[in-house]
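Undergrad: Spelled out from the first residue to the last, the chains are:
Protein chains: 2
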Amino acid sequence: MTREDCLAFDATDPLAGHRALFDIPDGVIYLDGNSLGVLPKAVPVRLAAVVVEEWGQGLVRSWNTAGWIDLPARVGSKIAPLIGAQSDEVVACDSTSVNLFKLAAGALTMQPDRRVIVTEPGNFPSDLYILQGLADLMPGLEVRVVPRAQLIEALDETVALLLLTQVHYKTGEIHDMAALTAKAHRVGALTLWDLSHSAGAIPVDLNGSDADFAAGCGYKYLNGGPGAPAFTFVARRHQKAFRSPLTGWMGHAQPFAFDDDYQPAAGMARLLCGTPQVLGMVALDAALAVFADVDMAMIRTKSIALGDLFLRLVTARCADLIPACPLDGEKRGSQVALRHPHGYAIMQALIERGVIGDFRAPDILRFGFTPLYLGYADVWDAVDRLAQVMETEVWRESRYAAVSAVT
Amino acid sequence: MTREDCLAFDATDPLAGHRALFDIPDGVIYLDGNSLGVLPKAVPVRLAAVVVEEWGQGLVRSWNTAGWIDLPARVGSKIAPLIGAQSDEVVACDSTSVNLFKLAAGALTMQPDRRVIVTEPGNFPSDLYILQGLADLMPGLEVRVVPRAQLIEALDETVALLLLTQVHYKTGEIHDMAALTAKAHRVGALTLWDLSHSAGAIPVDLNGSDADFAAGCGYKYLNGGPGAPAFTFVARRHQKAFRSPLTGWMGHAQPFAFDDDYQPAAGMARLLCGTPQVLGMVALDAALAVFADVDMAMIRTKSIALGDLFLRLVTARCADLIPACPLDGEKRGSQVALRHPHGYAIMQALIERGVIGDFRAPDILRFGFTPLYLGYADVWDAVDRLAQVMETEVWRESRYAAVSAVT
Numbered sequence: 106m107t108r109e110d111c112l113a114f115d116a117t118d119p120l121a122g123h124r125a126l127f128d129i130p131d132g133v134i135y136l137d138g139n140s141l142g143v144l145p146k147a148v149p150v151r152l153a154a155v156v157v158e159e160w161g162q163g164l165v166r167s168w169n170t171a172g173w174i175d176l177p178a179r180v181g182s183k184i185a186p187l188i189g190a191q192s193d194e195v196v197a198c199d200s201t202s203v204n205l206f207k208l209a210a211g212a213l214t215m216q217p218d219r220r221v222i223v224t225e226p227g228n229f230p231s232d233l234y235i236l237q238g239l240a241d242l243m244p245g246l247e248v249r250v251v252p253r254a255q256l257i258e259a260l261d262e263t264v265a266l267l268l269l270t271q272v273h274y275k276t277g278e279i280h281d282m283a284a285l286t287a288k289a290h291r292v293g294a295l296t297l298w299d300l301s302h303s304a305g306a307i308p309v310d311l312n313g314s315d316a317d318f319a320a321g322c323g324y325k326y327l328n329g330g331p332g333a334p335a336f337t338f339v340a341r342r343h344q345k346a347f348r349s350p351l352t353g354w355m356g357h358a359q360p361f362a363f364d365d366d367y368q369p370a371a372g373m374a375r376l377l378c379g380t381p382q383v384l385g386m387v388a389l390d391a392a393l394a395v396f397a398d399v400d401m402a403m404i405r406t407k408s409i410a411l412g413d414l415f416l417r418l419v420t421a422r423c424a425d426l427i428p429a430c431p432l433d434g435e436k437r438g439s440q441v442a443l444r445h446p447h448g449y450a451i452m453q454a455l456i457e458r459g460v461i462g463d464f465r466a467p468d469i470l471r472f473g474f475t476p477l478y479l480g481y482a483d484v485w486d487a488v489d490r491l492a493q494v495m496e497t498e499v500w501r502e503s504r505y506a507a508v509s510a511v512t
Numbered sequence: 106m107t108r109e110d111c112l113a114f115d116a117t118d119p120l121a122g123h124r125a126l127f128d129i130p131d132g133v134i135y136l137d138g139n140s141l142g143v144l145p146k147a148v149p150v151r152l153a154a155v156v157v158e159e160w161g162q163g164l165v166r167s168w169n170t171a172g173w174i175d176l177p178a179r180v181g182s183k184i185a186p187l188i189g190a191q192s193d194e195v196v197a198c199d200s201t202s203v204n205l206f207k208l209a210a211g212a213l214t215m216q217p218d219r220r221v222i223v224t225e226p227g228n229f230p231s232d233l234y235i236l237q238g239l240a241d242l243m244p245g246l247e248v249r250v251v252p253r254a255q256l257i258e259a260l261d262e263t264v265a266l267l268l269l270t271q272v273h274y275k276t277g278e279i280h281d282m283a284a285l286t287a288k289a290h291r292v293g294a295l296t297l298w299d300l301s302h303s304a305g306a307i308p309v310d311l312n313g314s315d316a317d318f319a320a321g322c323g324y325k326y327l328n329g330g331p332g333a334p335a336f337t338f339v340a341r342r343h344q345k346a347f348r349s350p351l352t353g354w355m356g357h358a359q360p361f362a363f364d365d366d367y368q369p370a371a372g373m374a375r376l377l378c379g380t381p382q383v384l385g386m387v388a389l390d391a392a393l394a395v396f397a398d399v400d401m402a403m404i405r406t407k408s409i410a411l412g413d414l415f416l417r418l419v420t421a422r423c424a425d426l427i428p429a430c431p432l433d434g435e436k437r438g439s440q441v442a443l444r445h446p447h448g449y450a451i452m453q454a455l456i457e458r459g460v461i462g463d464f465r466a467p468d469i470l471r472f473g474f475t476p477l478y479l480g481y482a483d484v485w486d487a488v489d490r491l492a493q494v495m496e497t498e499v500w501r502e503s504r505y506a507a508v509s510a511v512t
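Residue numbers (the numbering used here), protein chains in the order written: chain S, 106 to 512; chain Z, 106 to 512.
What the hints contain is simulated information worked out from the structure, not anything from laboratory work. Since we're looking at a predicted model, the values are computed, not measured. Hints may be right or wrong, so weigh each one.
Any copy, or any two copies together, can satisfy a pair, since identical chains are not distinguished.
Straight-line distance between alpha carbons at most 25 Å, and here's what the computed SDA-like set of lysine to any residue pairs gives [to be verified]:
1) 146 x 130
2) 183 x 123
3) 275 x 369
4) 436 x 287
5) 275 x 163
6) 146 x 459
7) 146 x 158
8) 345 x 287
9) 146 x 400
10) 183 x 345
11) 275 x 362
12) 275 x 166
13) 275 x 364
14) 275 x 368
15) 345 x 243
16) 345 x 241
17) 275 x 174
18) 275 x 370
19) 275 x 359
20) 146 x 157
21) 275 x 361
22) 146 x 166
Isolated chain S (complex conformation):
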């Protein structure tokens, strides 16, 4: 496999034209779209118009005239087809963590005789923390943390809810959503899926899997910008019974009646809490346009090819970096994990050379592959620079070992 082979793949790639929809810095190979997606070119124009025209000139009238009030439903309906949901089953609002709280607490109120939530160790920390906070609030609630291999057998008649992240944030392993949901339903449990590393990355089929609840992130593969609003899904069959614990005014049946008593809105609107964060919402709305004319199967095919190519080149050229993700592309999300005891310093040295991935404690170098703005030659070049970092051992320089606040 040569760089020329990769250029040949790029020349026939049906998704290659989508790169022009994004602003990517010169000289950067960006393998961190699983942390923060790159800037879609449509966003700055739209955001400036919203600020200067809709806010500046329209002022408070824009809640109606510019449709701000409908943004949570409108953005949700654009995310829905990416995750196998109906357009009236998804709204965009709040953060992923806040939505996980709503959904877990709401699911428990639908299961009054059960007080066990099953999840797995090493799940994304916020998922675990949110359950721990909920348990502090609801005496008697047990958060049962079960290793991945024992999840199926752990689902029994005591379980109210199974909460899992479909694609593991660190290793990229994919849970079998349909099989786990089916087993959960057989014992009367409900399921809540964190799609933060799935939405926009792999085909997700919530309704085909009969899933009950889901939430996910707007700023990774959906490219909504730093801290973009999250999204939340409640299957249509549960919407009438579902009660959010965060009963803010935007979830009221008639928010502008200013009644003293809470009455939940119909449908997904009852998942809303406070006033929608309009600026973040319109950025996400504009960003979603890049998905308008592609289907997730096409993205998935290229995503697996990019990941496989990366792993093949790394195996050939960087023997010290040990894969910590499934080697079978079908079992891996749109990301690759490599292990090295000096992973942090290696990643810093690589970033300095224009290849941006990230590090996840204690020893994982993480690389995301976003088929809409990455090509095969990008992958070849990224491994080339990674091989240089490993061969020269430049990462041993002390300046790369400094602890960073965030990546």
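Add chain Z to chain S, keeping to what the hints say.
TA: Relative to the frame of chain S, chain Z by itself:
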């Protein structure tokens, strides 16, 4: 009082120069800064730079290099002096409703032997709804809704928390924060103040009043833009004991250690939940610059003068509009309420004539006075147009009676 008198006041107004810091549409007199503040000119420039440079070019690195990760604390520290708090007592995050939930639930965990929260009827609906949702989650919790005149006597040894909005969203009446807090403390209760209609509008002295908790809105008098992040305050003496029920990863002591177990961060960081909404946060950050060189006492003096002038002119020229707010400026927030059975249609007719206020069910016309961008002649002109609407009874035209989704 003539228009010329008003122009003379404007000519000597020490705050008149601040109007140049805002973009106000030509021909509009904006009396709705208590719903959505106008656009500070600093915002579009800053937001564009954040989108194009920090997100577009810096990408994920900007969490460190552009200080995104510090935005909740940095923005909080700019709000702190406006509300009588120390800079390490305030963070910006989430919505007001979500923050009220955190604070009320957290306060209850500090009062394990008490299960009564006192509030008042007609409080802003989200405040009431959030307590109702919390009560559904915590069996045994009683939300005691007590008329304003009986609040002091309702505070007894059963009460865990008093939750009030300092300035009433509709009538503008101001609670005596110091007196109510003192009484609450005498019986061992804690206090939570909603400052949505106070912050940036009137001088607030949380620490001088010995208040325990507070939250408020970023998009009204703070001009942070539609759906701006809210802010939250926990008095320094309570920060160590305070536990948020929304234990997202950004409130963890070491979010990037990716531990399975939640450990609260020190100080106000434990109030954070999900990833900060960067775009909304930088807009609010840029907007707060208009407060850099004014003190709240100066704003308050002009605010009372504008409100008094408005009421005096309305009384003289619009006899059918009955004041529904305190006539004594010292007892009134930076807003005026007028009552009329056809208030909705009157407000629509007035808005069409370029004077923007809002309507609050069932019969209140609401006008906000924002001294940083309104002058005395604006008030004169606003009442002039209102008087025309009333004299011609143009509001009786059926098109003004249509029900609007939002104002």
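Undergrad: Determine for every hint whether it applies to the structure shown.
TA: Against the structure, the hints:
Only within a single protomer do residue 146 and residue 130 lie at most 25 Å apart by alpha-carbon distance; the minimum there is 12 Å, versus 28 Å between protomers. Within a single copy, residue 183 and residue 123 get their C-alpha atoms as close as 18 Å, which meets the 25 Å cut-off; across copies the closest is 41 Å, which misses it. For a Cα distance limit of 25 Å, the shortest separation of residue 275 from residue 369 across copies, 23 Å, qualifies, whereas the shortest one inside one copy, 37 Å, does not. In this homomeric assembly, residue 436 and residue 287 come within 25 Å of each other (Cα to Cα) only inside a single copy, at 19 Å, whereas the closest approach across copies is 61 Å.
Taking CA atoms no more than 25 Å apart as the test, residue 275 paired with residue 163 passes between copies only; the shortest distance there is 23 Å, against 44 Å inside one copy. Taking the closest pair of Cα atoms, residue 146 and residue 459 come within 25 Å of each other only inside a single copy of the chain (21 Å); across copies the shortest separation is 35 Å, beyond that limit. In this assembly of identical chains, residue 146 and residue 158 lie within 25 Å of each other by CA distance both inside one copy and across copies; the values are 19 Å within and 13 Å between. For the homomeric pair residue 345 and residue 287, the shortest alpha-carbon distance inside one copy (22 Å) is at most 25 Å, but the shortest distance between copies (44 Å) is not.
In this homomeric assembly, residue 146 and residue 400 come within 25 Å of each other (Cα to Cα) only inside a single copy, at 20 Å, whereas the closest approach across copies is 41 Å. In this assembly of identical chains, residue 183 and residue 345 lie within 25 Å of each other by CA distance solely inside one copy; the values are 22 Å within and 42 Å between copies. For the identical chains of this complex, residue 275 and residue 362 are inter-copy neighbours only, at 13 Å across copies versus 46 Å inside a copy, given an alpha-carbon limit of 25 Å. Taking CA atoms no more than 25 Å apart as the test, residue 275 paired with residue 166 passes between copies only; the shortest distance there is 19 Å, against 45 Å inside one copy.
In this assembly of identical chains, residue 275 and residue 364 lie within 25 Å of each other by CA distance solely across copies; the values are 13 Å between and 46 Å within a copy. Within a single copy, residue 275 and residue 368 get their C-alpha atoms only as close as 41 Å, which misses the 25 Å cut-off; across copies the closest is 21 Å, which meets it. Within a single copy, residue 345 and residue 243 get their C-alpha atoms as close as 23 Å, and across copies as close as 22 Å, so both meet the 25 Å cut-off. For a Cα distance limit of 25 Å, the shortest separation of residue 345 from residue 241 across copies, 17 Å, qualifies, whereas the shortest one inside one copy, 27 Å, does not.
Taking the closest pair of Cα atoms, residue 275 and residue 174 come within 25 Å of each other only across two copies (21 Å); inside a single copy the shortest separation is 36 Å, beyond that limit. Taking identical chains as interchangeable, the C-alpha atoms of residue 275 and residue 370 lie at most 25 Å apart only when they sit on different chains, with a minimum of 23 Å there against 37 Å within one chain. In this assembly of identical chains, the alpha carbons of residue 275 and residue 359 lie at most 25 Å apart only when taken from different copies (17 Å versus 42 Å within one copy). Both within a single protomer and between protomers do residue 146 and residue 157 lie at most 25 Å apart by alpha-carbon distance, with minima of 18 Å and 9 Å respectively.
With identical chains, the CA atoms of residue 275 and residue 361 are at most 25 Å apart between copies only, with a shortest distance of 13 Å across copies and 44 Å within one. When the C-alpha separation of residue 146 and residue 166 is checked against a cutoff of 25 Å, the pair qualifies only between copies, where the shortest distance is 19 Å, while the shortest distance within a copy is 28 Å.
No hint from the list above goes unmet by this structure.
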